[in-house]
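S.K.: Letter by letter, the chains look like this.
There are 2 protein chains.
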Amino acid sequence: MKINKCYSTKKNYVFTEIAQKVESFKQNHPNQKIYNLGIGDVTLPLDTKLVDVMEKALKEQTAKDTFKGYPPETGYDFLKNAIVCTYAQMGIDISIEEVFVSNGAGCDVTNILNLFKDVTSVIADPTYPAYYDSNALCGNDVVLLPLNKSNNYKMSPKNLSCDKSYLIYICSPNNPTGVTLSHDDLDEWVTFANLTKSIILFDNAYQCFIEDNSPKSIFEIDGAKSCAIEIASFSKCAGFTNLRCGYTVVPKSLIRQDMSLNVMWKRHQSTFFNGVPYHIQKGAEFVLTGEGQEICKKNIDYYKQNAKILRQHLLSSKYELLPSNNSPYVWMKIPDGATSWEHFESLLQSYGIVCIPGSGFGKSGEGYIRLSAFAKREDILEACKMLI
Amino acid sequence: MKINKCYSTKKNYVFTEIAQKVESFKQNHPNQKIYNLGIGDVTLPLDTKLVDVMEKALKEQTAKDTFKGYPPETGYDFLKNAIVCTYAQMGIDISIEEVFVSNGAGCDVTNILNLFKDVTSVIADPTYPAYYDSNALCGNDVVLLPLNKSNNYKMSPKNLSCDKSYLIYICSPNNPTGVTLSHDDLDEWVTFANLTKSIILFDNAYQCFIEDNSPKSIFEIDGAKSCAIEIASFSKCAGFTNLRCGYTVVPKSLIRQDMSLNVMWKRHQSTFFNGVPYHIQKGAEFVLTGEGQEICKKNIDYYKQNAKILRQHLLSSKYELLPSNNSPYVWMKIPDGATSWEHFESLLQSYGIVCIPGSGFGKSGEGYIRLSAFAKREDILEACKMLI
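As they're listed, the protein sequences go chains X and Z. For the first sequence, my numbering assigns the number -9 to the initial residue and increments by one for each residue that follows. For the second sequence, my numbering assigns the number -9 to the initial residue and increments by one for each residue that follows.
Next up, chain X with everything else stripped away, as it sits in the complex (with noise of 0.2 angstroms):
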């Protein structure tokens, strides 16, 4: 038995890194107030519907013909059924054997990399930290592409090699950046991953920001049921970042080497997770209602408002942004020539702001932040009067 070498690293994750820094700050400043702009953490409360709906559940935990043991690993069938129907309502046919509730979009983007061997993976630049550093702790190959602006800041295939497999990780609208890939730009990953046997990893934790007729799913593509796995998440939907619930669809037409990904992913989790509680399944349910929906709905347009006021503050104060009205994130060049990290901690030590450094997503961030519009609406507009 040896040690992986490749947690080695000395570096952190990105976000506990910055976690830690604001910890020390604050420690250091107990009379500052922190706006905190960082970590894409959704800051409105739980709406008390859906705590009733929970609480109803966890109620029935407490009598003997309600109680509840071991939930089942692929979650329940009245979730998944949920979620097979929202699928429909977009026109997608998925069955509920392809859908795996999770504890989060976060576990299962990661620990999904169980499936495979001899990995190369294919990462844009930046994107969320995790793709990135669940490859480098599992000693993977990655092949970086790096947005810019020659490219429109868009991940594109034509720099592959035509003749190898990958593991492509695409986030739509992307994590920092916030730009969102179009039904033509989708069209292009997929025909590459059908021709190389090559499989699309689609994270949509964000497609709820979307307001244009980009696709919110990437099975709006034809083809992708053969060469796409889908995340899903109601962390930033939903509110659910402390409730940890998400979904992963693994199409049955997804063959490799004839083998079937969905029932590898079946046995993965029957064997390395344990389910998802009861009550917080209601509780995602609920969210798929029409009710649910409209709750959500607010708490979205709440954050994108957010995310309004920063970035016309920003151009108003002549910052360059890129144009992303689909994310709730403000991806920000550094006027002034300055790292991210030197840049964070300027925000840090004159205002109490918590930005995360651009580089923490990768080497092409560099020179750049993000702003998290997840931030309450007051912390957004001090954060605007300070930012001039």
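These are calculated hints, taken from the structure and not from any lab test. Be a bit skeptical, because a hint or two may be false.
The calculated lysine-lysine pairs, modelled on DSS-like cross-linking and capped at a C-alpha distance of 30 angstroms, are [claimed, not checked]: (1) Z:Lys(-8) / X:Lys154; (2) X:Lys1 / Z:Lys242; (3) Z:Lys107 / X:Lys353; (4) Z:Lys46 / X:Lys39; (5) X:Lys(-5) / Z:Lys(-8); (6) Z:Lys242 / X:Lys(-5); (7) Z:Lys11 / Z:Lys366; (8) Z:Lys49 / X:Lys288; (9) X:Lys58 / Z:Lys288; (10) X:Lys353 / X:Lys187; (11) X:Lys298 / X:Lys11; (12) Z:Lys353 / X:Lys256; (13) Z:Lys1 / Z:Lys353; (14) Z:Lys16 / X:Lys49; (15) Z:Lys(-8) / X:Lys107; (16) X:Lys0 / Z:Lys107; (17) Z:Lys58 / X:Lys206; (18) Z:Lys58 / X:Lys288; (19) X:Lys0 / Z:Lys154; (20) Z:Lys58 / X:Lys58.
Since the structure of chain X is provided, determine the placement of chain Z on it from the hints.
M.R.: Only chain Z this time, still in chain X's reference frame:
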């Protein structure tokens, strides 16, 4: 990118397999009552006080000032402190940074394999099937230690090479045999692990059922902090199988190849895991109070009484059992030479009794079945009437 061919196994996870067989039996025999003495899943409802605590914590999530987003990846300090205190009461000194709260022991004991390469695992046969299955799905070498009369059903390092480092799985009381390792037995393992730079994964899921003076934690053994990780669960002791909460203790003094396993597991959990909901951790904290422990004790006593009823009845009916007063399971020899799966089918078809075939826990379990005392009392009593 290649598919992990270890997943080509046609063998389902044994508990999934049994759930499917029982479901199909139910469909074909809709009027047959099922006596579930199969999977070790609690059946007593949650105490209303425990649920009140969780409901109160959930309500905090509806107010702006008390709302919480992402939980800390390693757990809230209030729960980690309560766990530290529980160890202190046992005379064991653990620091808060050594405790990692998780969504269950089953997840930790399998996903921890990510920290290692070129693993040779040492696993008792029979034992909890996730140890073997997770290793098989990772393509690891496994040395099985058969448990039988000649070794008193106890695993020992005697026949292992001293020139190799191993990952050693110890479950005490062992699931399914119920045999508990003594202080001397564990001392031998700790000495061996320190000598060979091996690591012990100590699964103490069933420690609350120990009624003699066998160790309830590996850290009762001198030298364990430099060779052992302890994986614990609220599932069996507090009825948390549905709520999903456990914890893992990784001592800071556990160093291998110049790397701290504590630092590695923190890196793992912050990348591959996103924490446990606040209200569930509040529930777990309550479990560790005096009041919570009294509630747990009542439930544990009920299950232990179930086990006693079952054992006394089976012994008086001349069945051959392993003595296992420390365990919620009865490990029974099949009297007529049938295989475990044949006997499983026969009990299901004849009486609607669900057991777990011994061979599901490993080859040496062939010829045995495991009966779970986590069943409802009335099911235990009815099953006794039929098992004559």
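S.K.: Give a verdict on every hint.
M.R.: A quick look at each hint next to the structure:
1. Z:Lys(-8) / X:Lys154: Cα-Cα ~10 angstroms, so holds.
2. X:Lys1 / Z:Lys242: 19 angstroms, holds
3. Z:Lys107 / X:Lys353: 29 angstroms, holds
4. Z:Lys46 / X:Lys39: OK: Lys46 (chain Z) and Lys39 (chain X) at ~15 angstroms, within 30 angstroms.
5. X:Lys(-5) / Z:Lys(-8): 22 angstroms, holds
6. Z:Lys242 / X:Lys(-5): Measuring from Cα to Cα gives roughly 18 angstroms; hence the hint holds.
7. Z:Lys11 / Z:Lys366: 21 angstroms, holds
8. Z:Lys49 / X:Lys288: Distance of about 20 angstroms is within 30 angstroms: holds.
9. X:Lys58 / Z:Lys288: The hint holds at about 19 angstroms.
10. X:Lys353 / X:Lys187: The given pair, whose Cα atoms are some 28 angstroms apart, holds under the 30 angstroms limit.
11. X:Lys298 / X:Lys11: With a Cα-Cα distance of about 28 angstroms, the restraint between Lys298 (chain X) and Lys11 (chain X) holds, given a limit of 30 angstroms.
12. Z:Lys353 / X:Lys256: With a Cα-Cα distance of about 24 angstroms, the restraint between Lys353 (chain Z) and Lys256 (chain X) holds, given a limit of 30 angstroms.
13. Z:Lys1 / Z:Lys353: At roughly 14 angstroms apart (the allowed maximum being 30 angstroms), Lys353 (chain Z) and Lys1 (chain Z) satisfy the hint.
14. Z:Lys16 / X:Lys49: 27 angstroms, holds
15. Z:Lys(-8) / X:Lys107: Holds. Lys(-8) (chain Z) to Lys107 (chain X) sits at ~5 angstroms (cutoff 30 angstroms).
16. X:Lys0 / Z:Lys107: 19 angstroms, holds
17. Z:Lys58 / X:Lys206: It holds: about 28 angstroms lies between the C-alpha atoms, which stays within 30 angstroms.
18. Z:Lys58 / X:Lys288: Roughly 19 angstroms separates the two Cα atoms, so the pair holds.
19. X:Lys0 / Z:Lys154: 28 angstroms, holds
20. Z:Lys58 / X:Lys58: 27 angstroms, holds
In this structure, none of the earlier numbered hints is contradicted; all agree with it.
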